[in-house]
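S.K.: Dock chain to chain to rebuild the complex, using the hints, since each chain is given by itself in its own frame.
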Amino acid sequence: KAGVTQTPRYLIKTRGQQVTLSCSPISGHRSVSWYQQTPGQGLQFLFEYFSETQRNKGNFPGRFSGRQFSNSRSEMNVSTLELGDSALYLCASSSSGGSEETQYFGPGTRLLVL
Amino acid sequence: AQSVTQLGSHVSVSEGALVLLRCNYSSSVPPYLFWYVQYPNQGLQLLLKYTTGATLVKGINGFEAEFKKSETSFHLTKPSAHMSDAAEYFCAVSEMKTSYDKVIFGPGTSLSVIP
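In the order they appear, the protein sequences are chains Y and B. Per the working numbering, the first sequence starts with residue -7, numbered consecutively. Per the working numbering, the second sequence starts with residue 17, numbered consecutively.
So here's chain B without its partners, still in its complex pose (with noise of 0.2 Å):
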């Protein structure tokens, strides 16, 4: 069965500093892996996705991810962060060729910057 583990409930780094969101995942097949963030009082938006190819997947906002197979990771991060990134960030894994039904979220980290 598929999880998701994001290490940390609550992460606070200052302006300018590096953003590491870490997302560990379990799947008995080749994973799809999501990294989503949610504003107060907003829905999810989509910063990046890995799905085949390249290991090293940039997203919107100056975010990265990698995909490491054998540490079974997809930690998010930011070489320097911004007021405007304090949110909340969910890593969710989904199983090739299967249906929303099997998208499994994980249960969020919320990203603190302190100016």
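Bound conformation, chain Y alone (with noise of 0.2 Å):
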């Protein structure tokens, strides 16, 4: 079956735009989860998504929000970019959301804010 999918893969936005990035889990997955990844900062937990709620939120600020629609895609926003937002935003999907589950992860998308 289909993986996870991200897009776009690739952005280039100004400071001070808002973005829009798209994940699509594995068909039967509920939970989605969001993670930002950059050199110095690491993996960091952005918010999970599970049957359309927010279940789960990490230490960003509220410049950064999701949604997930009823086919379990989902969607993160980040308004007032800053050139500290440019990272690579990873998806995972799982099927419940538990820590002991397995998580897909799509390719991710890099932003690049300029």
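Do not take every clue at face value.
[Stated by the list, open to error] Restricting the straight-line Cα-Cα distance to at most 25 Å, the calculated cross-link-like pairs of lysine to any residue (SDA-like) are: (1) Lys65/B - Arg22/Y; (2) Lys74/B - Tyr96/Y; (3) Lys65/B - Pro53/Y; (4) Lys49/Y - Lys74/B; (5) Lys49/Y - Ser42/B; (6) Lys65/B - Thr12/Y; (7) Lys49/Y - Thr67/B; (8) Lys85/B - Thr94/Y; (9) Lys84/B - Glu92/Y; (10) Lys49/Y - Ala17/B; (11) Lys74/B - Leu34/B; (12) Lys49/Y - Lys85/B.
The hints are simulated quantities; they were obtained by calculation from the structure and are not laboratory data.
M.R.: Written as structure tokens, this is what we have:
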């Protein structure tokens, strides 16, 4: 079955703009998590959605938001972009989001903020 | 609080040599432990995980790891390195019955394989 897909794969924006990233989980998976990966901070958890509800949130400012649709597809939005938002944004899906479960990661969206 | 340490941000081995990537963790409760691999311009792929039971865990691509509670370690090994093993490797820890906001990733170890 198809893996986790993320669109777009690459994105260039300027400071102050906003951006929306999309993630389609593996069919049947209801949990989608988002991570930010940077050379300096490593992999950091952004938030997790399950059945259209945000279940958990990491330590990121309110400029970072997300949502999940009834088909489990998820979007994350970053408003008022800053240079430090340049990163690889990864999404991962799992069946129900338990910490013992295997998360399946997408290839990521690489965002560059100029 | 949980934390993960990976000794060595970069490791080089010769093709055919033993691969040993070190991971130490701290956790106040029994942990779940994971190793992920990331190839350039790709997402993370699970290599193996320890939840409960046998402490020696076998994963994909010939990798294995052993959970040693007394040493709070979960080192990743492979008997013979292959060129295709060159990638970034991440150790991660989570606590039992929690959700993904409690998953902590280590800083990663970049593995180079020399022909």
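S.K.: Can you list which hints this structure breaks, lowest number first?
M.R.: Structure breaks hints 3, 4, 6, 12.
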